[in-house]
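*Asks:* Chains as they are written, first to last, in this note's numbering: chain H, -10 to 607; chain D, 1240 to 1576.
Among the clues, some could well be false.
To be verified - So the derived label-pair ranges between C-beta atoms look like this:
id, chain 1, residue 1, chain 2, residue 2, range
1, H, Ala472, D, Gly1282, 38 to 44 Å
2, H, Val465, D, Ile1447, 30 to 36 Å
3, D, Ser1557, H, Ser153, 28 to 34 Å
4, H, Gly452, D, Ser1399, 41 to 47 Å
5, H, Asp439, D, Asp1548, 35 to 41 Å
6, H, Ser466, D, Asp1548, 33 to 39 Å
7, D, Glu1258, H, Tyr356, 31 to 37 Å
8, D, Ile1447, H, Gly579, 57 to 63 Å
9, H, Tyr478, D, Gly1346, 33 to 39 Å
To be verified - Okay, derived cross-link-like pairs now, PhoX-like style, lysine-lysine, Cα gap no bigger than 20 Å in a straight line:
id, chain 1, residue 1, chain 2, residue 2
10, H, Lys409, D, Lys1276
11, D, Lys1562, H, Lys271
12, H, Lys188, H, Lys152
13, D, Lys1574, H, Lys409
14, H, Lys488, H, Lys574
15, D, Lys1251, D, Lys1276
16, D, Lys1562, H, Lys247
To be verified - Where chain H lies over chain D, by a calculated footprint (3+ residues, C-beta under 8 Å):
id, stretch
17, 1276 to 1287
18, 1298 to 1311
19, 1324 to 1332
20, 1553 to 1566
No lab work stands behind these hints: they were computed from the structure. Each residue gets a CB set at the ideal place from its N, CA and C atoms; glycine is no exception.
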Amino acid sequence: MVTSKVNHQQEVLEAVIIRFVGDSGDGMQLTGTQFSDTSAMFGNDIATFPNYPSEIRAPQGSLYGVSGFQVHIGSVEISTPGDNVDWLVAMNPAGLKTNLQAVKPGHTIIVDTDSFTKKNLVKAQYESNPLEDGSLENYRVIEVAMTSLTKEALKNVEGLDNKSITRSKNMFALGMVYWMYDRSTEHTIAFFNKKFKSKPELIEANTKVLNTGYYFAETLELIPNAYTISPAKMEPGNYRIIMGNTATAWGFLAAAEKSGLELFLGSYPITPATDILHELVKHKHFGVKAFQAEDEIAGITSAIGASFAGDLAITTTSGPGLALKGEALGLAMMIELPLVVVNVQRGGPSTGLPTKTEQSDLLQSLYGRNGESPVIVIAASTPANCFDFAYQAAKLTLEHMTPVILLTDGYIANGSAPWKIQSVDDLPEIKNNIVNEVNENWHPYNRNEDTLARNWAIPGTAGLEHRVGGLEKDRVSGNVSYAPENHEYMTNIRSEKIKRVQNYIPELTTEFADSGDLLVIGWGGTYGSLHSAVKQINEEGYSNIGFAHFNYINPLPKNTETILKQFKKIVVCELNNGQFAKVLKMNFDGLNLSQFNKIQGLPFGNSELIEKFKQLVK
Amino acid sequence: METTAVKEYTFKDFTSDQEIRWCPGCDDYVILRAMQKALPEMGVKREDVVFISGIGCSSRFPYYIDSYGMHSIHGRAPGVASGVKLANPNLSVWVITGDGDALAIGGNHFIHVLRRNIDLNIILFNNEIYGLTKGQFSPTSLVGQKTKSSPYGNTQPPFSPGELAIGAQARFFARIGGNTPKEMTQLFIEAEKFKGTSLIEVLQNCPIFNDGCYDAITDKAVRADKQLFVEHGKPMIFGKERDKGLILNGLKLEVVAIGENGITENDIIVHDAKEQDSTLHQMLVRLQYPIVTGIIRSFDDATLEEREDALTAEVKASSKFTKTDDLFFSGDTYKVE
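Produce the complete structure using the sequences and hints provided.
*Replies:* Here it is, written out as C-alpha cells:
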C-alpha cells in the first residue's frame, strides 16, 4: 500500500518550499493555509501564493482544473513564495502533470495513488502511468493510498456521506506533512471546532483523518521526523498572518480611525480586487460604509460624492475597471477632492489574465485620462506593506487634496506573510484640509502655501456654500472660467501640487551597495523576488550590485537621479514590457539603462534574475 | 441631530451671483425660479442643500443656486448624489439631469438609483432633444422626428421616462409641464417631503432645437382639456369645465363625459398614488389622452439609508470591536520574543 523508493537522510533545513496541488474541489487552498498558519505560529517566516483556475468548478481531473497553494517557510528571512519546490503533494495525476516541472530534481513528491486510475490518467493526458513507467526516477516518490486510508479511518464515524469522506483526504496529506516538519495539529483542530461548530460529525471526521495521516507518517518510519526548521529571527512583536488584500483594507480602516473621518468604499466586484470589498463590508461596527455599485463608474462616482460630503472615500478595482473609472478620476482631479483608487493589477490588456499577476497598468495609472491630469501614484511591494501603503495613500490624499492611485497586484494581493501588528496609536498623524470658519476672504480654491492643497468645505457648513465641477475653474473663486491664461495657470498649479508631494515622501534607498557596476531597479509587487535574487548574487561574491525599489512613482523620490548616477549600469526589472523604464528615461537623461521584462502572468523566478544580472556584470 | 431652527429664507437666498447662460425663452428659467421659490418652503437649511448634475443644458443648474453643488460628468450624477447622501443622510440632495444624460449615457445609473430608493430627488428635464450638442435626437425623441442626426426622420423608438422609472421600482414619480411654475413649485416641495427617491419629469420646451414639442399638451389654451392633473384621494377629472374623467373599462382606461350616458362623478376613478401595485400608475403614465401630470405614484417604502442604518446598529450592538486595534489583535496572533 505504501512504498518509498528512496532512503532518507536526516536533514536540518533553513527553508523549504512545499506545494499542495489537486483538483479545484480538493481543498488545496485550505490545506496550504493551515500549514502556513501553523508554521507562522511556530515562529517561522513564511510567504505563500495560491494558484487557482479562473473557472469556479472546472471539470474534475482536468489539467486546467488544477488548484495549487505554495508555501515557503524558513528559519531565515523569507521574501517570496519561492519558485522551484522541495516538496510536491499531488492529489491527482493532473496536479502531478502540471506541476512536475517545478519540483527540484532529487526532491520529493507525495502522491495519492488511489487517484491514479485509468480514467484520471486519460483526463490528465498521460499515455502511461507515471508511477510505473520510470518517468519519475529523478525524484523521491512517496506513494500513499490516501483515499482508501481516509475511507478506512472513517468507516465507523456516523452520519457521513461518501462525498464528505473523500473530501477530507486533504487532511490526511496535511497530517503527514505536519509530522514530517514536527508541527502540532492543535491549530488545525481548533480551526475544525470553529468552522464546523454545528456539524460535530465533520469535526470528528476531519480530526480523525488529520491524526491518521500524522500517525501514518510516524508509524511507517518511511519519512524520518527530521525536517526541522527552527523559528526565524524576526523583530520582536505581535504578529499575524495577513493577505495583501486584507492588509490593504485594514490600512484604510486604520487611516479612517486616525483621521477621525468615516470610511466610504464605492466598488464593483472584479478579480483580483474583490477581497478588499469582502473585507470592508464586514466592518460596519467601525461605521464603514461599503457600497456595492451597479458598475465601476458608479463605484468611483459614489466615492467622489462621499468625498465631497466629507468622508475618507476610496474605490477598488483592477485594470479594466480603472479604464472605466478614467473620466470620473479626471473629475476628482479637477475638483481637487481626496480619493484613493486601488488598482490590484492583473494580466492585461482587455480581459487578459484575470487570476494572474502583472504590472502593466503603470502607464494607464499615470496617463490614462483626458487632458493634463496628474495624480499621485504609489505602489505597495509586499503582502504586509499593503497596510502601510493603503494608510499612506489615505494620508497623502487627505493632506494634498488630490486623488491617489494605489497599485498592488494579484501576486501580493493574494499572497500572505507575517505582519507585525501596528497599533493605530503608533501610526503617523493624518491632517486634513477641512475648513469650518467663515471669513470674507474665503474662496473654494484658497490653497495651502506649502502643499498647494485647496481647502475642503463640506456640505452642512453654513456660509461656505459653493459649486465645483469638471469645467475649468477660476483660480480663486472656483467659478467656471474659459480665460486662456487662467487655464494655463490652473494646469500648472495642479501639476506643481503633485510635484511638491516630493517634500513629504521618503527618499529612495539602496540595498547591498550604494554604488558600483549594476543597480537593479524594481517597483511594486516584485520586491520579494528582486530582493532575494540580489541578496543571493551578493552572497555569491558579487559585491558591487545594488538594489533600489520604488514605492513612489508619481512623484518620484527627490534623490532618484543621484542614486541612479552612482552605478555604471542599471537594469529595470518589471512584469510588463518596460513601462517604468520608460518613465525613468523620460525623466532622466544619460542613463545606461537595460530592461528585464517578463509577461507571462507569473512572478520573476530567482534563477532567471540571477542569470540576467550575471550577464550584465560579465 | 441638529436642533437649531431653520431661518426664514426667500428665493433670493438661493440665488447665486452667477450669470445665467441658458437661451432666452427656455423653460429652464421656469424650473430654476420654481426651485428657488420651493426651497425656502422646505424647512431645510441652505447649507444642507446639495445639487448634483451631469452634463447638458439642464446640468448648469447647480451653478445658479446658492447652496452646495457639483457639476459632475455625463450621466453619472445619480452615483455622485448617492455617495453624498450615504455619507451624510442629513443633507437634502437633488439630482439635475436631462433626457440624454439620464436615459442614454446614464441609463444604468438611472434605473439602479431608483431601485435602491435612496432619499434623493431627481428632476428630469425632458425636451426630447440634445440641446448642448446642438440638436441630435435623444432617447425620448419621437419616431420620424427630424433632427441634426436624423435628417430623414428618427428611426429609434423612444423611452417613456415614467414607464421606465416605475419598471425600475420607482416609488415616487410625478410629471409636470414646463410652463406651470405654481404646480411645479408644489411638486418640488412634495418630492422633498417624500422619503425615498423621487423622480419629477418636467416636459420642458427647447425654443431652439425642438420648439413647440409640447404645445399640443401644455399650451395655455388647450392645457385644461389635454392634461389631467392627478391628486391623491381625488377623482380623475379634467377639462376646462371639469366635465371629463377616467373610468376603467376592462384593462383599459377610458375617457368619459360626466353627465352623459348616466355617468356621474361617483363613477370616476379616485387616484391612489400610495398603492404599492403599480399597474394603474403605469396605465396613467402611458395614457396619451389626456396626458397625466401631478404625482402619479408615491408609495412609501424603506429607504436604503434606513436599511443600512438598521443593519449598522445591529452589527455595532453585537460586535466586540470598537477600535481597529481590537480587530488587529484578535484571532490568530502570535508573539515573537
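*Asks:* Please list, smallest to largest, the hint numbers that this structure does not respect.
*Replies:* 10
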